[in-house]
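A.B. asks: Residue numbers (my numbering), protein chains in the order written: chain A, 1 to 259; chain Z, 1 to 329.
Keep in mind that a hint or two might mislead.
[Claimed, not checked] In silico contact screen, one side only, chain A against chain Z (beta carbon under 7 Å); selected entries: (1) R26; (2) L34; (3) R93; (4) T104; (5) F116; (6) G117.
[Stated by the list, open to error] A few chain Z residues that don't get close to chain A, going by computed Cβ distances all over 10 Å: (7) A24; (8) V26; (9) V37; (10) S114; (11) V121; (12) G214; (13) V224; (14) Y228; (15) A306.
Keep in mind the hints are simulated off the structure, nothing from the lab. Quick caveat, the model's predicted, so the values are computed rather than measured. Cβ atoms here follow ideal geometry from the backbone N, Cα and C, with glycine treated the same way.
Here are the chains, one letter per residue:
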Amino acid sequence: MSAGASIPSDGAVMAVDKLSVLSKQRRILDGVSLDFAPHSLTAVVGPSGCGKTTFIRTLNRMTELTPGLRVEGAVRYLGQDIYDPTVNPVLVRRRIGMVFQRPTVFPMSIFENAAFGLRLIHEDEDVIDAAVQESLTRSGLWDEVKTDLDRSALSLSGGQQQRLCIARALAVRPKVLLLDEPTSALDPAATQRVEQTMERLKQEIVLVLVTHNVGQAARVSDRLAFLHAGHLVEIGPTAEVLERPREALTQQFVTGRYD
Amino acid sequence: MPESPSPDSSGPPESRQPVPPAAAGVRHILRKVVPYVPALIPLGLTLAIVFTLLYESHLQNFGWAFFGFNFADYGIMIFVVGSFLTSVPALLLAMLIGLGISIASTTYLPRFVSAWLDPFVDLLAGIPSIIYGIWGYFVVAPYFGVNVWPWSVMHLGWIPGFGRAQFSPAPSGDGLALAIIILTLMILPITTLLMRDALRSVPRDLWESGLALGATRWEVTRRVAIPYAKRGVWGAAFLGFGRAIGETVAVAMVIDQAQKLPLNVYDGTSTMASLIIETIDSAFILTPQGVLYLRFLTELALILLAITLAVNIAGRWIIRRTFTEVAGI
Chain A
1 MSAGASIPSD GAVMAVDKLS VLSKQRRILD GVSLDFAPHS LTAVVGPSGC GKTTFIRTLN
61 RMTELTPGLR VEGAVRYLGQ DIYDPTVNPV LVRRRIGMVF QRPTVFPMSI FENAAFGLRL
121 IHEDEDVIDA AVQESLTRSG LWDEVKTDLD RSALSLSGGQ QQRLCIARAL AVRPKVLLLD
181 EPTSALDPAA TQRVEQTMER LKQEIVLVLV THNVGQAARV SDRLAFLHAG HLVEIGPTAE
241 VLERPREALT QQFVTGRYD
Chain Z
1 MPESPSPDSS GPPESRQPVP PAAAGVRHIL RKVVPYVPAL IPLGLTLAIV FTLLYESHLQ
61 NFGWAFFGFN FADYGIMIFV VGSFLTSVPA LLLAMLIGLG ISIASTTYLP RFVSAWLDPF
121 VDLLAGIPSI IYGIWGYFVV APYFGVNVWP WSVMHLGWIP GFGRAQFSPA PSGDGLALAI
181 IILTLMILPI TTLLMRDALR SVPRDLWESG LALGATRWEV TRRVAIPYAK RGVWGAAFLG
241 FGRAIGETVA VAMVIDQAQK LPLNVYDGTS TMASLIIETI DSAFILTPQG VLYLRFLTEL
301 ALILLAITLA VNIAGRWIIR RTFTEVAGI
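In isolation and in its complexed conformation, chain Z is listed as follows (with noise of 0.2 Å):
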């Protein structure tokens, strides 16, 4: 193999020997093997973390009152139903908001003030969580507490769920309403970043053909951007559920933790992944039950992870599906 790139045919040509068979024998097998290391990284990270899980948890049986409403038999429906309560009403917000600031930014706004603003939604995205959760805990709940709160009881109670049959004498401003505005700030920055790109990619001389039918900017952006989005609509979706589903520190300094399911709005409850969080130290205690209780939560890790796993695999699904739509094949 005189013109393989070798150390050896690098050199001089007067120093250039013949490379021994079996050394380009390892050579080949090197250059075939060596990119399956890196490429492999994610899929052996994948397998550890569910081989671990599995390990720990022992494949413990809870019987059916696992998937039952009852901590004390320990049941995991408290949690996943506090999961999709608090994220479920947190996307739908940010979806909404996201797709207003990103039409303002891509449609509306001059270029020079869009330019100066998309910035703070890209600096907004790298916050660490903590300290939104700091920032909910100290700041945002107790304002909510006083002032927010006893108005919505007052004029919005008659909706099921917002109202609240005696006020706490010191009001608290946790609790689920709270861990869901916390959770909609904390991935409003990511939806609003993917679908503010997505807009973006839209030609303009498809906006201009759009225009050029007479049709208004609004009418443009509704028939014709956010259709030619989708992908990127569906991947902010997407994208922004799996972080407010598997989000911890930030939910569970504001959710007013307690293993039930809420009564309203204001009351407290657990996610999986607060649960976790904040009852794992009691897990590590060398007793029969916290041998058992450490193998439920990660019996309940499993769960969560399963549960964001078949949300990115349907999510997948559907941008595949979506983009062959609009691609026409």
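The following block holds chain A by itself, in its conformation from the complex (with noise of 0.2 Å):
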């Protein structure tokens, strides 16, 4: 990946263009093309099923570590294609980064998952001191742990594990956050903080929400995506796609009267 790319004129910091992701047993996506502007958040929602962890997955080459699994078509980051033979997916990983399901916080401390991603690049001890402030600030969670950063992360409860993870995430300058249904583990008001972390992180990046909730798709995306059986339905600007769906099968979904 190339230190001077930048973005290209066409505005998408990444784009996917016909993107098919096979099993051996059948075909997860079909043909999925869209792109990521910069300063936006697009959810994807959909079904169990219709492939939209798959889809996230494969923006930062997640999906080699599964097995059996054979990804066609190109996802473009600043217009190369991750999928170049020559690119090294440990260094895409740096560049786009991701937050699972379930909180992922590592057993040490608070400032030490916070710094993990700059202590594998052998980032200067002030340097990450002060990453390790700014990204737990951006994340949300600074002003609560602050006192504590010796802590064990364990400790922590399940909101602010989750807004660790994406601090985590962040200390390495990322400048695409892949979020697979991030608070699908937490309670209301855990989902809360972490949605307004969303809200302010996606000021300054790109930031791609997979959720099965169209609730939370509709509090905090800019774009939203339709998957179905590994189809992209519809995308467009989130309220229009809410309120006047083009499709039948996106009315149904967002209606809550799929089934």
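Combine both chains into one complex, guided by the hints.
C.D. replies: Below, the structure written as structure tokens:
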């Protein structure tokens, strides 16, 4: 991934082009094309098994960790296909961060969790100190943990843990952050805090949110993509898709009449 | 008690008779007491063993010489040292190799390969120690005596303990180093098994989070998976150590039994367990010396028991502490 790459003229940080993912048995994703503009939050919704988790995992080559999956098409990050054989997946993942369904803090202190990605690239101690504070502030956790950064991260509540995971991903300054149902294991109050964090972050970087919760998508996203059985059925500004869906399937799903 | 699940109440309704109050009381007591019987077996067994050892030893007072190095004065230190000299290096080796095997199996090998290789670890864990002993005695010892030790004396002789003043005319491979090797192989399966299961219990999304931050598999293993599996690693260490220090037959077969401290790694020595198995016969001679020696051996057995228990308790304590650390409680 060339360091000098900038946002191409068409404005998309990331562009997905005719993306298909195939397992031995079936096509999980079939010819999905869409792109992600800077400073935006795109929510991907759809029923269980529609391929939305697979979709978000193709965006930073996490699909490769599942044996037997084959990816076709291209995912361009700043114009470069991340599936190009010359591209190192480790470097892709440093640029394109990810947060998972369940909080996945590591068994170490809060500080070390946030510093994890920076330690991998052997940053200086003072750089790490500053970056940890900055990323915890961006994820909205700093005020709650600033006095006990040395405590085990596992002592935090679920919602705090999830915001720590967001901070950990932010610390390496990714331009894109992928969120795979980040609030599905959280209670309503913690969900609200994470949603606030997402709304703040979308002003800085590209966020891609997979969620099964249409209400959440309506609250935080700028654009809404509806996936069904591996196909991208519809994508557009969130309010438009929710109020005037073009497709019958979308209509059924967003009004909760899907079965 | 009409609802009590007594045999009467399970019969047809017409034959149901009220249980006499006295019988109900007995049942009630039995129900309370019976669960204690199997539960108390381990405690009873422990007490019986300790009591037998204490009784057989007659708490014979051997004086301070007991904690000395002079076997002729009934000193135990040679054997205590011998036990630690064999089990500690064996444990370190088995932990290192076991960690390597378990990391390879859980992280690097394709799943179908590890699915084929893993059962062999489980299989090895079940091999009786006498078989390791025979194999060590007839196969490994002669090979090491002829091929490996001469090489190591020549090339590693500068390391203290690895040199030897002279070769014996017919080099036997038996001795401290061979006992360590056989012990390592014996406890390797159990340490590998426990560490492998601990590493396998690391949640998949924790792994992926590490990789999603741009870590390599090795970085995730070292910084996330092993710390997460710390409890299992400690458990493997303590269980392995318990096995190593208590192992008797296989060690006795390959240690080139001698009641002295070893001069170098090739030399013969004894562990607490191997001394007991080697000399228990002479303790049954009905002479005053025989009686005294039997008491000496039982007291040595008590010391071995105490060391094992102490390691066990320390292990539990460390594992509990590690667990609360990991759980953040």
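A.B. asks: All the hints need checking, so say for each whether the structure fits it.
C.D. replies: Structure-based check of all given hints:
1. Violation of the interface hint for A/R26 is found here, the shortest Cβ-Cβ separation to chain Z being roughly 21 Å, above the 7 Å cut-off.
2. Violation of the interface hint for A/L34 is found here, the shortest Cβ-Cβ separation to chain Z being roughly 21 Å, above the 7 Å cut-off.
3. Interface hint status for A/R93: upheld, as the beta-carbon distance to the closest one in chain Z is roughly 5 Å, under 7 Å.
4. For A/T104, the interface hint holds, since its Cβ comes within 7 Å of a Cβ in chain Z; the closest pair sits about 4 Å apart.
5. This hint holds: A/F116 has a C-beta 6 Å from the nearest C-beta of chain Z, less than the 7 Å allowed.
6. Using the Cβ-Cβ criterion of 7 Å, the hint placing A/G117 at the interface with chain Z is satisfied: the shortest such distance is roughly 4 Å.
7. In this structure Z/A24 is separated from chain A by more than 10 Å, as the shortest Cβ-Cβ distance comes to about 49 Å.
8. A cut-off of 10 Å between C-beta atoms confirms that Z/V26 is not in contact with chain A; the least separation is 51 Å.
9. In this structure Z/V37 is separated from chain A by more than 10 Å, as the shortest Cβ-Cβ distance comes to about 41 Å.
10. At roughly 12 Å from the closest C-beta of chain A, the C-beta of Z/S114 stays outside 10 Å, upholding its exclusion from the interface.
11. Distance check on Z/V121: its Cβ is at least 22 Å (rounded) from any Cβ of chain A, clearing the 10 Å threshold; non-interface status holds.
12. Not every CB of chain A lies more than 10 Å from the CB of Z/G214, the least distance being 3 Å, so the non-interface label is violated.
13. Z/V224, annotated as away from the interface, has a beta carbon of chain A within 10 Å; the closest lies near 5 Å.
14. Non-interface call for Z/Y228 relative to chain A: violated, since the shortest CB-CB distance, roughly 5 Å, does not exceed 10 Å.
15. For Z/A306, the non-interface assignment is confirmed: its Cβ lies about 34 Å from the closest Cβ of chain A, beyond the 10 Å cut-off.
Violated hints, listed in ascending order, are 1, 2, 12, 13, 14; each of the other numbered hints is respected by the structure.
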